[in-house]
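Undergrad: Residues per chain are reported as follows:
There are 2 protein chains.
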Amino acid sequence: MTKIFDPAPTKTRLDLNANILKAEYAIRGPLLDKVQAYEDHLREKPGSLPFDHVVNALIGNPQLLDQKPLTFTRQVLSIVQNPTILQHRDILIAKKIYNRDVIKRAELLISQVGKSMGTYTLTKGILGIRNDIANFITQRDGETCDPDDLYLTDGATMAIMQLFSLFAKDSKTGVLLPIPQYPLYTALLTMYNLELLPYYLNEEDGWSTDTVEIENVIKSSISNGTTPQAIVIINPGNPTGAILSLETLADILTIAAKYGIIVIADEVYQQNIFKKEIEFHSMKKVLRHLQKSHPQGEYNNVQLVSLHSASKGTSGECGQRGAFMEVVGFNDEVKEEILRLFSISLCAGTAGQVLVDLMVKTPQPGDESYELDQKERHLINNNMKERAVLLYDIFNNLEGFECQEPQGGMYLFPKLTLPQRAIEESRRVGYEPDEYYCHKLLDATGICVVPGTGFRQRPGTYHIRTTFLPPGTEWITRWKDYHLHFLEEYSN
Amino acid sequence: MTKIFDPAPTKTRLDLNANILKAEYAIRGPLLDKVQAYEDHLREKPGSLPFDHVVNALIGNPQLLDQKPLTFTRQVLSIVQNPTILQHRDILIAKKIYNRDVIKRAELLISQVGKSMGTYTLTKGILGIRNDIANFITQRDGETCDPDDLYLTDGATMAIMQLFSLFAKDSKTGVLLPIPQYPLYTALLTMYNLELLPYYLNEEDGWSTDTVEIENVIKSSISNGTTPQAIVIINPGNPTGAILSLETLADILTIAAKYGIIVIADEVYQQNIFKKEIEFHSMKKVLRHLQKSHPQGEYNNVQLVSLHSASKGTSGECGQRGAFMEVVGFNDEVKEEILRLFSISLCAGTAGQVLVDLMVKTPQPGDESYELDQKERHLINNNMKERAVLLYDIFNNLEGFECQEPQGGMYLFPKLTLPQRAIEESRRVGYEPDEYYCHKLLDATGICVVPGTGFRQRPGTYHIRTTFLPPGTEWITRWKDYHLHFLEEYSN
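From first to last, the protein sequence lines are chains R and A. All residue numbers for the first sequence refer to this note's numbering, where the first residue is 1 and numbers rise by one. All residue numbers for the second sequence refer to this note's numbering, where the first residue is 1 and numbers rise by one.
Some clues are possibly wrong.
Copies of the same chain look alike in the list, so a pair counts if it works inside one copy or between any two.
Cut-off 25 Å, straight-line C-alpha distance, at most; resulting in silico cross-link-like pairs (SDA-like, lysine to any residue) [said to hold, decoys possible]:
hint, residue 1, residue 2
1, 34, 128
2, 335, 254
3, 3, 289
4, 68, 114
5, 104, 88
6, 169, 25
7, 292, 144
8, 22, 172
9, 258, 108
10, 169, 196
In case anyone wonders, no lab produced these hints; they're calculated from the structure.
In isolation and in its complexed conformation, chain R is listed as follows (with noise of 0.2 Å):
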């Protein structure tokens, strides 16, 4: 029989954006795809392999290791969901099923989420949402927010996502990041085709981030046509966990002021800082800061958008895509093409929209579930900084490893020195050499982490980014003991 009709081809990678097709995302690729075919392999045939599970401490997943989630937390956003059980109000609270601060917090929420959950929002979100956060930034800065700066977004990367490309000009647009930084900004310049203008780290300074070079990149770029369009800081650093100090948040903002430079700032792990020390300050907060103190009017064009999300912090929601970013600074019709472009995507899910309500105002001294979720926060909170710790110890006592003090977030970045032979080795099979100590971990031990070339890094250093999420040290002994195997196997 013949055929009908000849059938055209199927479409290619040729068919595709080709932006597209370069951009790369570490945190999803090779390594997390052997993770999974290594734990359905590990369920199909226990003990075929050297280890008898996984440690994931690939990506910053609270819940996923032993995190729980917050009990008032849930237990409000599950009333919410379903109104009606508050017929049986009596009994919910006769049995101790819910506290009464529960109920009356999800009636609350109910009246502020207004017809149901299942309807589309505003564009920004739930204003009564929005005023809860409204009041969370004006005290925790000490500094007026408006509710209208504030946008409710599927998690922060979607906030990124939309925002860049709406900056992104053209191909002569540059947008600067810390190296190392997180690889969904890479991901994103190249999507867009905007240009990567990075600022190195100051790793032997705790990952410190050096003004000058800032501004030196940015009168290099201008110099060579490019229009440095905004800059991106991630304070607490991801992977780095640094925490900007003051001046330099300052002398950040001063030379934005001077270029008219758009501030990104990421601050989604502003509440993770362990080291009491030091304080994280808000952008937002120095911002005003120099607005006040400069009557003149040098930092009144100041262009800002902060993003904070449920994903970190002690809500570790990041299954439930909760984030918001508060925009200031821009002129009128900059902030209705905002607008614009959020709308057609309509709005955050409403999940979202009140697990941040849940995270931004939490139970008070006095209240019935107070106690408790004190109790929570704290266990959560311990347990990160302990492990941090423990971690850094381990890793500054360790061969070929070198580590900064941790200050905040949920990983460690160390550096590591491999043998040369290492090195030549990895070359050879095609890959860099920090992957390859990530895939010959992995292989050995079941411990996934993310090599630094997924973060970029000043170029002949390598190093590997783990959360220390994974409960206990167990899985951290077993690394060690793989570390020095890998030094013996490739040293001459």
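Once you have looked at the hints, place chain A on chain R.
TA: Positioned in the frame of chain R, the structure of chain A alone reads:
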């Protein structure tokens, strides 16, 4: 006092991505802003406007009006968000707070979700939920669905945005869209600098799809040097509500096979069918039939993405952002690129994922919750059908209105014949005639609908899109009265 430095000016529209500036999305724009302004106004000064409430017939947002969420759905979701409530299982059952089948389903979902609703899921979404979707599709079509072909997404909107960005190879890449269409599509073509290749739906034939025209559009674009990359089919249609016949679907697939064009089947209204004589057929089912009946392989290269959502149907959970896409026929390297792109935004929100599961797998005969669930669904469907029919009758008896019979969806899209003086006046004030009509209608009655201009239409014709969701008939009577007044006002 002199300034320490001269601040740079703020960014203007000229500093932004020009393609995004050009994109238009009629559903959230000046009319919706006016709706919000009027609502605020009525709240602050009751009686100050010619109407006492706003009727939002602008957007398919069922639970904003009087559609309730499904009881079983929200009860299960609420437990899944707060699994610790199950320690009170006995009381929950004894006091009839939850039926046993609600608890059983929640327990199943909790195990499918895995560790916690707060964890990032696999990029494609929770596997157990994808298995349930695959069963749903297999049963719906009588054709197997592979869960590996499924992606859970934050609403169909997000899926479409990502796909279009990936398929946007260059400015000579085109996408066929039905005219009229849901304005997300035209907005994205503008944003991604894709060429619009319109194919006009046949209004006089119930907004049917003319596949001869589709092929002509393709041939014409190819001879103009454009590559037609994809074709969007909205079935049931938005704004038209038209349901495509088996024959039309098969013809579309034949064209796709001949020319190698990706088919994007937006089927989010597949559970809003109210003309019993007309059956919805999924594009996937028809493709599989054609593949089986053509063993020579003419249809084996067809690439198809099918979209469905928990926003519409009887769920109506728009605000929760739960949807899925089924991706078949692509070669491995393109499938890999789709996965890589979606992995950058990590995963869809877990609440939305759970709601999709509850949409595709519902209480069955014999289950405790079955009776109530059926009752609720019938009520929703009957209400929608009654209002659709009522509105259709009224429109067709109204001078200057001409309406195609509704088959599915949530909207009517009647054609307006406007008096010449109204057309002239509208142009004088800088509006399209149907935009002008919508503003006048809103100002006089508080009823808000969307001008056909936003959806595109044959030049020289004017339409409006209205949902038939608002309860009661009083608003329709007021519309009719205003319309007759409008005709009188603008006649000679």
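Undergrad: Which hints from the list above does the structure break, by number from lowest to highest?
TA: 9
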